[in-house]
Structures are given as structure tokens and as C-alpha cells.
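Enquirer: Sequence:
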Amino acid sequence: MTDLSAFPINQKWPAQYPDWIQLYSLPTPNGVKVSIMLEEIGLPYEPHRVGFETNDQLSPEFMSLNPNNKIPAIIDPHGPGDQPLPLFESGAILIYLADKSGQLLAQESAARYETIQWLMFQMGGIGPMFGQVGFFNKFGGKDYEDKRPRDRYVEESKRLLNVLDKRLEGRDWIMGERYTIADIATFPWVRNLIGFYEAGDLVGIQNFPNITRVLERFLARPAVMRGLEIPK
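So in the UniProt record's numbering, spot 114 of the sequence shown is number 114, and the numbers just go up one at a time.
Hints may be right or wrong, so weigh each one.
[Claimed, not checked] Here are the computed lysine-lysine pairs in the BS3-like style, where the Cα-Cα straight-line distance is at most 25 Å:
(1) 158 to 142
(2) 70 to 138
(3) 158 to 138
Don't read these hints as lab results, they were simulated from the structure.
I would like the entire structure built from these sequences, with the hints used as guidance.
Expert: Right, dumping it as C-alpha cells:
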């Protein structure tokens, strides 16, 4: 049995199954990327809820694993060389789990790097911009009289949605027939934008039929339905 006692985070969230991947997360768009991925690839894992309402992400135990105090983060007790591997940043975790399992990321170089390209498109564009729209539309920003900041992020989100919609034209998934980590990274954010953030009308989601078509297929996957609720 793997000994995780060297990791301070194990003191706050003790591992009942220390030989399984330990997931520290919350069902946010970034958090569910990893729970969905783990459900899709079938590796055993143990989820731990990092509660924002109690500032768990700012605790010394969590920050010992991720000094950037963001979820998700993992410890793989059987990482490279069969040594424990702590890892944060959802995109990095997706690539790591894809390589570990041999699933959802092509091994051949061209398709592999094209998939990572679209993963970075989500990480650098869709996530940050949709998050800003959420702030200005649903949270503190809705009280600002000056709507120029909100409108700036709305227009950029529309531009990104247009790029994605054109990419999906005639394709089942971002990479064509192959479902990949690019889809797992992207569609939780689209779901959040039009659902939790209540910004569907604001960004004109009806103008992006390819996105709504693929989002529906994504949300119908059993692993996605499970992963969206983890950790409870």
C-alpha cells in the first residue's frame, strides 16, 4: 500500500484508498474536467471536496499541493517510475491522464499536437473569457452601471464561440470523429456559460448551432453525467 503521509494534504483529506489517484476538486467547469476524464478512462480514484465556502483552497494543506490555490489537483500514487506524482492545472492533468491511460489523446504526433492546440484554446481563451462574462452577468459585476467591461467580455466570448462553431461544422467532436480531452476541457465551460452563468441570451448561443448540437451529445455521455456531480 502506498504511503501518502509525506504529503501535508493527506492530513486534511486522509486517503481511504491510498493506491488510487487522489482528486481534490469541486464541481466547477475546471474541476469537472478531471472527474469526467477519470470516469471516461476508468482509472480508480478517490475524490475529496475542496469547499470554497470554507476557503479550503487557501488552507496550508491544499496550498502545499497547489501554491496557486486553485482546483483541481491530484496525487497519483503510481506516477512515473511508480513514484507518487502531485499535479495541478486541469490541462496538465488531462494530458497526464491521457498519456497514463493511453486514451482520449492521439499518440501520433500531428493529431496529438492538434488536440493539445484546441486544449490550449480552451485554457487560454474560453475559460478566462467565459468566467469574466459570468462575473459581470451574474455576480458582482451586474451591479456596475458602466456596462463596457461586461460588453467587452461578451464580444470576445462571441468571437470564441464563432471560432468553435466553425471548427465543429461537419464534425462530431472538436477533432472530428474522435472524442478527446479537447472536448472534455471545452464543453463544461459552454454548459456553465449558458446554464449557471445564465448568459445564453447575452452571447446569442442560438447563433451557434454546431456548439449546441455537440454540447447535447457531450452531456448525454454516461461518464460526463457522473463526472459533473463529483465530488458532491
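Enquirer: Run the structure past the numbered hints and jot down the numbers of the failing ones, going up.
Expert: none
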